[in-house]
Every structure is written in structure tokens, then in C-alpha cells.
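Please put together the full structure from these sequences, using the hints given.
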Amino acid sequence: MKRAVVTGIGVVAPNGLTTEDFWAATLKGRSGIREVEFGDTRYSARFGGRITDFDDKRHIPSRLLPQTDRMTRLALYAAESAFRDAELDPEAVAGYGSGVTLSNAAGGFALSHRELKKLWGEGPKSVSAYLSFAWFYACNSGQISIRHGLRGPSAALVAEQAGGLDAIGYSRRSVRRGTRMVLTGGVESALDPWGWISHISSGRVARPAAADRAFLPFGTDAAGYVPGEGGAVMVLEDRDEADARRAPRRYGEIAGYAATFDPAPGTGRPPGLRRAAENALADAGLAPADIDVVFADGAGSPDLDRAEAEAISAVFGPRAVPVSVPKALVGRLYAGGAPLDVATALLSIRDDVIPPVPAAVEPDPEYGIDLVVGEPRHVPVRRALVLARGRGGFNSAVVVTAAA
Amino acid sequence: MSASAPELTVDSLRAILIEVAGQDESFDADTDIATLTFDELGYDSLALMELSATIEQRFGVAIDEEELSKLSTPEALVLFVNGMLAEVS
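Each protein sequence line maps, in turn, to chains F and P.
Residues in the first sequence are numbered from 1 upward in steps of one, following full-length UniProt numbering.
Residues in the second sequence are numbered from 1 upward in steps of one, following full-length UniProt numbering.
Treat the hints as calculated values from the structure; they're not laboratory data.
All C-beta atoms in this analysis are idealised placements derived from N, C-alpha and C, irrespective of residue type, glycine included.
One should not assume that every hint holds.
[Stated by the list, open to error] Chain F is nowhere near these chain P residues, computed Cβ spacing over 12 Å in every case: (1) 10; (2) 25; (3) 37; (4) 49; (5) 54; (6) 80; (7) 89.
[Claimed, not checked] Here are the computed distance ranges between Cβ atoms for each label pair: (8) F:30 / P:32: 35 to 43 Å; (9) P:66 / F:246: 52 to 60 Å; (10) F:200 / P:58: 34 to 42 Å; (11) P:72 / F:146: 19 to 27 Å; (12) F:53 / P:28: 52 to 60 Å; (13) P:19 / F:391: 13 to 21 Å; (14) P:70 / F:392: 28 to 36 Å; (15) P:58 / F:263: 51 to 59 Å.
In C-alpha cells form, the structure reads like this:
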């Protein structure tokens, strides 16, 4: 069977606009969670993982500016970074040999908000024709496909915060079926006022007094999550093709993937996260003891944290594997969150170090998990499990391993 | 002549195009764009829809889609719009 390896990473995160800046910030515990301001309007939640140093005019071609929402600009930037990192010119991949499959969960809120305001305020003729596609879930995949000439199998997957792993699993399948290279991952942004109240409507957004107390997954004081923007895009290549073109980097292999769906509420059956983890391990041909670190979903609400800790303990045994939630520094990035975790897992493998959750997290001992807190843990990392849950019952898991 | 609507020029059309649809490497500040086609200038049908909607808002001249598809250069579009403006004034 063909093997899918990651040969390039493009990160766009609230605590780093390049892979190395993000990675350094993640290891040092530098947070991208800050106050989100919208003029005079006050909202019940005010902290978000916001990217403050993205320069639209510098990072995005002029022709694409009027037709793109912020989510797509961030995605285009990450895609370009990933190709540069892979030292791959996608235009040089012939015919249908290259594709793009990204996840998206919110669509283009800020642009839609602006244009719908024109609709009600100035009339239908003032609405931009670009609204016709710029708000789509599929817009990031589409714009990247057009810009880089990726004509092969492409898709947009939507499964709230689990979708980013589904996109990676789907892309691996494309590679196994013969596509030479697929750009995969997910990028999200919906931090305009309309997006913000939509986030708040989940009922799980934290309302803390200070940014460093905002998102404390698995902590005794966990009281919700912080929405953020950004994500990661990766170049996934058939290993033989990567070898043939002498790709400069192989961060690792997407070795296992599985997705499950929670049973309907009230059935009394357990949630599907444990099965997703077990199935991904089985898919990778690995046992729980082979896994060196788990990057958890880290919902940051006590009920969901407990459910995830139970799933991890059920698979691995109590306190049997290090667990981390690097997204505690950037918030939950919707479709961008899990791909950023996969990128982080690959960097952990590269550098043999597990990034910590911030020291502000006081692990709840009842959960029985070995949470890496405060300081990075320098241990050999060869294989990592990444978990993600999406609102509405989605569970996904990916196993990444060092490229053999 | 009093308070008549301003005429559209190729230069103001260039500015509107860049404002509503951006600009790629097909042309630069020194290019005489008047007789190049919109296609050669890197603009697709959606960009032209944006352009015609903006012209309608600012000059009060509506260009229907069929007409728009025949106006293949900035010069042709400017002549059409100014012709319509002359008719109503």
C-alpha cells in the first residue's frame, strides 16, 4: 500500500505566523489569546485567539483581496508556506496528480457580515458578486486549487472541530488511490461580531477575567473554551514520489485514521471518542503502548474533559501516556484546530519534545491522565495520537509516526 | 452645463477595477489599458459584474449582462457608459 508522508507544513496561528515561530511560542508557553474588541459593543465573552500580525496586502495578491474572506486569506497564506517548506512547485505536478482537501466549519463570516449589511442598508445591487462563493465552506479548497493549479481529487469536509482530521484522513485515501500529492488540513476565522455571537451561542465559551485564565483544559478551574482563528495546511505526498523528487523533509507519516459518531442522547450508549482512538490505532497497526503522546481535543468544559479523560484512560490505562493540549495557547480553531495539532505532533516527533499546557492549568487529579504542564517534556517521540471532537457528535483520531 | 453627472474616463475605470477586483501582473501603472481586453487584463466575468454594479451605483448607468459581455475593452465600456450618460442628460 502507498504511504502518505507530510513533506511541508504551513502554520498560521495566533501565536506564530510561521511554523518555527509557532513552535517556539508553543514550547515557551507564549499565548495568542487576547482581548477581542469590537468598538463600543460589549459581549459576554471577550477573549479570543486572534492573529494580530497578518498583513493582508503583503501576504495576499491584490486580485484575490476583494474576493476573499479572512479565513481564505489565512488559508492561502498557509498553503503557500506549506509548498515553500516542501520545496514543491505544485504547477510542476502534471495533470490530475495534485489535489486539495481542507476542512472548514464556519465559512466566511466577516465578508458575509459586511455584504449582508449592505443588502439591508443599501439594497441588493450593492452586494458584492464575490459573496456568491466567498462564504462557502469549500472556498478555501477552491481558491487554493485555482491559485496553485491543483486539479486532482479535491474536497471540503465539514464536521465542526473534528473535520480537520477527517480532511487529513480523506487526503491519505486520495494518496493511496494514486494521487501524487494532496494539500490538506484546515484554516478558520470567524472573529467578526457576527461570528463572535455565533461562537458564544454554543454556551461553552469561557468568560474569564483575564486572558491567561481563559482556557484551562483538564484543569480544576476549566470553565469553557476560547474561540480562535488560524490553522495548519500540510503537503501530503506519496512517499515514493517524495523520494523520487528528493523532497528535503519528511515530517512523518499519516499512519492511522478513524472517525466515529456519538449515539443519540438518551440511548445510554457511550460516546464514540474511545472507538475513534482504538480504530485509528488499529488502522495504523499499533498498540496503545506504542504511542508516545496524545494531543487531546481539550474541550475545556468539565463534562467534556471528563469524557475525554475517560476515553484516554480506557484505551491506554490510567496515567499511562503523556497528554497535551497545545491549543490552550491559541484557543479552539474549529476546522483549523486539529490540523494544527497534527502539525504540532509532527514537530514533537522531529524534536523529541512534548509541548506543555500553560502552568495556569491545575490538572484535575480525578481525571487520571498524565497532563504535561508548565514545562516541555523532552522524551523520545516516535508516534502520536491526535484526537478531535466536533459539536454534534463527531469524533476523529489520527495517528502520526516518524517517517520510516 | 449644470450639475451633470461626471463622465467616466479610462483612468477612473482603471481605479474602479483595481478597487473592486484587485490587479494582477497583467498590467501595471504604465500600461495603456484602453484597448486591451478585460481578459488580457486578468479580469473574469465576476470581476466585470463587480465593475458594472459599481458603475451603476456611481454613475446611474445600468449595463445588462448581455451588453456587458460585448464590451470587451475599457475603451468600449467607457464609450458605452458616456453614451448612456449623454442620452439622459
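Against the structure, the hints come out as follows:
Residue placement check: residue 10 of chain P keeps its beta carbon more than 12 Å from all beta carbons of chain F (closest about 19 Å). Not every beta carbon of chain F lies more than 12 Å from that of residue 25 of chain P, the smallest distance being close to 9 Å; the non-interface claim is violated. For residue 37 of chain P, the requirement that its beta carbon stay farther than 12 Å from each beta carbon of chain F is met, with the minimum near 16 Å. Listed as outside the interface, residue 49 of chain P is inconsistent with that label: its C-beta sits roughly 4 Å from the nearest C-beta of chain F, within the 12 Å cut-off.
At the 12 Å boundary, the C-beta of residue 54 of chain P falls inside the reach of chain F, the nearest C-beta of that chain being 9 Å off. Every C-beta of chain F lies more than 12 Å from that of residue 80 of chain P, the closest at about 18 Å, which supports listing it as non-interface. Non-interface call for residue 89 of chain P relative to chain F: holds, since the shortest CB-CB distance, roughly 22 Å, exceeds 12 Å. For the hinted restraint 35 to 43 Å between residue 30 of chain F and residue 32 of chain P, the CB-CB distance of approximately 51 Å leaves it violated.
A hinted range of 52 to 60 Å holds for the C-beta pair residue 66 of chain P and residue 246 of chain F, which are about 54 Å apart. A hinted range of 34 to 42 Å holds for the C-beta pair residue 200 of chain F and residue 58 of chain P, which are about 38 Å apart. Range check, residue 72 of chain P to residue 146 of chain F: about 23 Å between beta-carbon atoms, so the 19 to 27 Å window is met. Take residue 53 of chain F and residue 28 of chain P: their Cβ atoms lie about 28 Å apart, and the range 52 to 60 Å is violated.
The beta-carbon spacing between residue 19 of chain P and residue 391 of chain F, approximately 39 Å, falls outside the hinted interval of 13 to 21 Å. For residue 70 of chain P and residue 392 of chain F, the hinted distance range of 28 to 36 Å is not satisfied, since their beta carbons lie about 49 Å from each other. Range check, residue 58 of chain P to residue 263 of chain F: about 58 Å between beta-carbon atoms, so the 51 to 59 Å window is met.
The structure shown violates the earlier hints numbered 2, 4, 5, 8, 12, 13 and 14.
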